[in-house]
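Student: Chains as they are written, first to last, in our numbering: chain C, 1 to 110; chain X, 111 to 224.
I should point out that these hints are in silico values taken from the structure, not numbers from a laboratory. A quick note: this is a predicted structure, and the numbers were derived from the prediction, not measured. Heads up, a few of these hints could be off.
[To be verified] The calculated DSBU-like cross-link candidates involving lysine-lysine, where the alpha carbons are at most 30 Å apart (straight line), are: (1) C:Lys56 to C:Lys2; (2) C:Lys67 to C:Lys56; (3) C:Lys2 to C:Lys42; (4) X:Lys167 to X:Lys123; (5) C:Lys67 to C:Lys2; (6) C:Lys67 to X:Lys123; (7) X:Lys123 to C:Lys42; (8) X:Lys167 to C:Lys67; (9) C:Lys56 to X:Lys123; (10) C:Lys42 to C:Lys56.
[Claimed, not checked] Sample of chain C residues with no beta-carbon within 10 Å of chain X, all distances over it, derived: (11) Ser26; (12) Ser49; (13) Thr62; (14) Tyr71; (15) Leu75; (16) Arg77; (17) Gly101; (18) Gly103.
[Stated by the list, open to error] Some, not all, of what chain C presents toward chain X, calculated at C-beta under 10 Å: (19) Tyr36; (20) Gly41; (21) Ser43; (22) Leu88; (23) Lys97.
Every residue gets a Cβ at the ideal spot worked out from N, C-alpha and C, and that includes glycine.
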Amino acid sequence: QKEVEQNSGPLSVPEGAIASLNCTYSDRGSQSFFWYRQYSGKSPELIMSIYSNGDKEDGRFTAQLNKASQYVSLLIRDSQPSDSATYLCAVIGSSYKLIFGSGTRLLVRP
Amino acid sequence: KAGVTQTPRYLIKTRGQQVTLSCSPISGHRSVSWYQQTPGQGLQFLFEYFSETQRNKGNFPGRFSGRQFSNSRSEMNVSTLELGDSALYLCASSWADPNTGELFFGEGSRLTVL
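Just chain C, same shape as in the assembly (with noise of 0.2 Å):
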């Protein structure tokens, strides 16, 4: 099992749609969740990280939380063309180490 799952995609919504990402992680005593976005060719940037169970928003990006669940989601409203990337779930568990997901690739279509 890895430490960290998601699905590969493509996730494709059209434009103006909520685009809804999923994580889930297996290390129990993790307490630390982010997202980084990876556009196609470039590096990975941060951005969202959330730390306790509930939602957390920013802009058109809300975090989801279940630690009971070992879960951990995106939401990116509104979604434009330019949200098209892949989408790296990012955990840091027990042995401290910052563990990605493989992404997930997003596709907003016009």
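Since chain C is already given, all that's left is putting chain X on it; use the hints.
Tutor: Here is chain X on its own, set in the frame of chain C:
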């Protein structure tokens, strides 16, 4: 403010050779982490250095090694290259503790092993 700089950006090697990759972190950042990115495995953690000390290590064979210098610049070395080592090697820096999760990545060094 300059970002994370990695050199070389692209390189081609043959099996059995060795390679050294360099990373200059953002000025003032003292932690440098290295990741290997492949289409099948995604981003895999190699190691992390802080103040010239390796603080954490991923599950890679001993052929993969690294070091950090007093100016926080870091190098990683891969010896006895194998075809499976072909990947994008990403360096990321942070102020002090990568456990904050806020890593700043360089553009990467793309290694092709023939």
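Student: So, for every hint listed, does it hold in this structure?
Tutor: Okay, the hints, checked on the actual structure:
With a C-alpha separation of about 26 Å, the suggested pairing of Lys56 (chain C) with Lys2 (chain C) holds against the 30 Å cut-off. A hinted pair counts as satisfied when its Cα atoms are at most 30 Å apart, and Lys67 (chain C) with Lys56 (chain C) qualifies at roughly 14 Å. Taken as a hint, the Lys2 (chain C) and Lys42 (chain C) pair is honoured in the structure, with Cα atoms around 24 Å apart against an allowance of 30 Å. Pair hint Lys167 (chain X) plus Lys123 (chain X) holds up; C-alpha atoms about 25 Å apart against a cutoff of 30 Å.
Note on Lys67 (chain C) and Lys2 (chain C): the hinted pairing holds, with a Cα-Cα distance of about 17 Å set against a maximum of 30 Å. Between Lys67 (chain C) and Lys123 (chain X) the CA atoms are separated by roughly 44 Å; this puts the pair beyond 30 Å, and the hint is violated. Restraint check for Lys123 (chain X) and Lys42 (chain C): satisfied, since their Cα atoms lie roughly 23 Å apart, inside the 30 Å limit. Annotation: proposed proximity of Lys167 (chain X) to Lys67 (chain C) holds, straight-line Cα distance about 26 Å (limit 30 Å).
A threshold of 30 Å between alpha carbons decides the hint, and for Lys56 (chain C) with Lys123 (chain X) the separation of about 45 Å lies outside it, so the pair is violated. Simply put, Lys42 (chain C) and Lys56 (chain C) have alpha-carbon atoms about 26 Å apart, close enough for the 30 Å limit, and the pair holds. With a minimum CB-CB distance of about 15 Å to chain X, Ser26 (chain C) clears the 10 Å threshold, and the non-interface call stands. The beta carbon of Ser49 (chain C) sits about 5 Å from the closest Cβ of chain X, which is not more than 10 Å, so the claim that it is off the interface is violated.
For Thr62 (chain C), the requirement that its beta carbon stay farther than 10 Å from each beta carbon of chain X is met, with the minimum near 17 Å. Annotated as non-interface, Tyr71 (chain C) keeps its C-beta farther than 10 Å from every C-beta of chain X; the closest such distance is 18 Å. Residue placement check: Leu75 (chain C) keeps its beta carbon more than 10 Å from all beta carbons of chain X (closest about 19 Å). At roughly 23 Å from the closest C-beta of chain X, the C-beta of Arg77 (chain C) stays outside 10 Å, upholding its exclusion from the interface.
At the 10 Å boundary, the C-beta of Gly101 (chain C) falls inside the reach of chain X, the nearest C-beta of that chain being 6 Å off. Against the 10 Å criterion, Gly103 (chain C) falls within the reach of chain X, whose nearest CB is about 6 Å from its own CB. Satisfaction of the interface hint for Tyr36 (chain C) is found here, the shortest Cβ-Cβ separation to chain X being roughly 8 Å, below the 10 Å cut-off. This hint holds: Gly41 (chain C) has a C-beta 9 Å from the nearest C-beta of chain X, less than the 10 Å allowed.
Against a cut-off of 10 Å between C-beta atoms, the interface hint on Ser43 (chain C) holds, since the closest Cβ of chain X lies about 4 Å away. Checking Leu88 (chain C) against chain X by beta carbon gives a least distance of about 7 Å; that is within 10 Å, so the hint holds. Interface hint at Lys97 (chain C): satisfied, since its Cβ lies 5 Å from the closest Cβ of chain X, which is below the 10 Å cut-off.
Consistency with the previously given hints fails for numbers 6, 9, 12, 17, 18, ordered from lowest to highest.
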